[in-house]
Amino acid sequence: MSPADESVTEFERRARVVLEESVRRIDARTRSRLNQARHAALEASAARRRSWWRGFTLMPAAGAVAAAVLVVVVLWRHEPPGTPPLALDTQHAAVEDMDLLTDNDSIDLMEEWDGSFYEWAAAESDAGAENS
Amino acid sequence: MPEFATLASPYSMPAALHGDVDLTDPEEQTQSRALNQFLAGVELRAFKIAQAALRHEDDALDAVQDAMLQLARAYSHRPAEEWKPLFYRILENRIRDMQRRRTVRGRVMAWLPLHGNDDDEEFDPVAQAPSPEPQPARRLELDEAVGALEQALQKLPPRQRQAFLLRTLEGLDVAGTALAMGCSEGSVKTHYFRAVQALRVQLGEFYV
Numbered sequence: 001m002s003p004a005d006e007s008v009t010e011f012e013r014r015a016r017v018v019l020e021e022s023v024r025r026i027d028a029r030t031r032s033r034l035n036q037a038r039h040a041a042l043e044a045s046a047a048r049r050r051s052w053w054r055g056f057t058l059m060p061a062a063g064a065v066a067a068a069v070l071v072v073v074v075l076w077r078h079e080p081p082g083t084p085p086l087a088l089d090t091q092h093a094a095v096e097d098m099d100l101l102t103d104n105d106s107i108d109l110m111e112e113w114d115g116s117f118y119e120w121a122a123a124e125s126d127a128g129a130e131n132s
Numbered sequence: 133m134p135e136f137a138t139l140a141s142p143y144s145m146p147a148a149l150h151g152d153v154d155l156t157d158p159e160e161q162t163q164s165r166a167l168n169q170f171l172a173g174v175e176l177r178a179f180k181i182a183q184a185a186l187r188h189e190d191d192a193l194d195a196v197q198d199a200m201l202q203l204a205r206a207y208s209h210r211p212a213e214e215w216k217p218l219f220y221r222i223l224e225n226r227i228r229d230m231q232r233r234r235t236v237r238g239r240v241m242a243w244l245p246l247h248g249n250d251d252d253e254e255f256d257p258v259a260q261a262p263s264p265e266p267q268p269a270r271r272l273e274l275d276e277a278v279g280a281l282e283q284a285l286q287k288l289p290p291r292q293r294q295a296f297l298l299r300t301l302e303g304l305d306v307a308g309t310a311l312a313m314g315c316s317e318g319s320v321k322t323h324y325f326r327a328v329q330a331l332r333v334q335l336g337e338f339y340v
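So the protein lines, in turn, are chains L and E. Letter 128 of the first sequence, counting from 1, is numbered 128 in this note's numbering, and no numbers are missing. Position in the second sequence (from 1) plus 132 gives the number in this note's numbering.
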């Protein structure tokens, strides 16, 4: 270390002593205000942890509510109100189709389709209504 | 059954109500205690650094308080060894904000008519009482040295003053000072070297 470096080191040492002395002379009022500021900061830190903890403890409840809402929405979309009759009709028609496919008489009836008979029956029905 | 028997016994109450800080948590206690110790350890020196930059006691107190709050709110979860450079970085930003605001305020006030000095306060002998002092002769010597150093520090450019105070008063190393000042380690060395040279020129007779 050169003499210049040594002198800088000595200067720093003495400057540090003087600066520490100036810190030691800080008056009681300022020390008190700094103390208050420190406690306010600690309280702010605790409040932050408190709010974080509150959010953490409410998370299961919030999750349960969200899950319940999700289930309701899914059910709502699959079975909207007013649609059950349509759904029942569809199921009923499906059952009828199955009957037609499995019933040999019905197939024979459809194969021997005689439109004139039905036209005659309808005309008879209309004439009966006019006579009465 | 007597009426007072219906009151809850303190022994039957939970340690911490829902939403409160659980003071029985050792980790929370340790962190809070560590933060308290850290802030108590730096608050006086931080105040001197802020005062040297702002040249106003109340502004310096406000800057230190803001820095404490910011550190506690945003960085208290960080490792304790990072707190010091972070704290001084926050403090430096607050000092710069205040200096900028003061410049703007000064420009506005220059346009206004004469105004009274709002900073005048009644003298409070108890509040102004200094800490216990050394012997009179030594005290006089230190008075001169402190006054001369504070005057010399005022004449330094802000970055040099900051580097000198963080290194000499706070005892930060070059890396920590660089982090606190938001510059490279090379810049810290340059600022610090120039600060020491300038102070030696001004204070030679007091310090040699």
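Please keep in mind that the hints were generated in silico from the structure rather than gathered at the bench. Treat the hints loosely; a few may be bogus.
[As the list claims (entries may be wrong)] Quick list of simulated restraints, FRET-style, between CB atoms:
#: 1; chain 1: E; residue 1: ARG205; chain 2: L; residue 2: MET59; range: 43 to 51 Å
#: 2; chain 1: L; residue 1: PRO60; chain 2: E; residue 2: ARG239; range: 28 to 36 Å
#: 3; chain 1: E; residue 1: ARG237; chain 2: L; residue 2: ALA62; range: 43 to 51 Å
[As the list claims (entries may be wrong)] Chain L side only, calculated, beta carbon under 7 Å to chain E, not exhaustive:
#: 4; residue: VAL23
#: 5; residue: ARG33
#: 6; residue: LEU34
Glycine residues also receive a C-beta, built at the ideal position from the N, C-alpha and C atoms.
The hints, checked one at a time:
no.	hint	result
1	E/ARG205 with L/MET59: 43 to 51 Å	22 Å, violated
2	L/PRO60 with E/ARG239: 28 to 36 Å	56 Å, violated
3	E/ARG237 with L/ALA62: 43 to 51 Å	46 Å, holds
4	VAL23	5 Å, holds
5	ARG33	5 Å, holds
6	LEU34	4 Å, holds
Hint violations for this structure: numbers 1, 2, all remaining hints satisfied.
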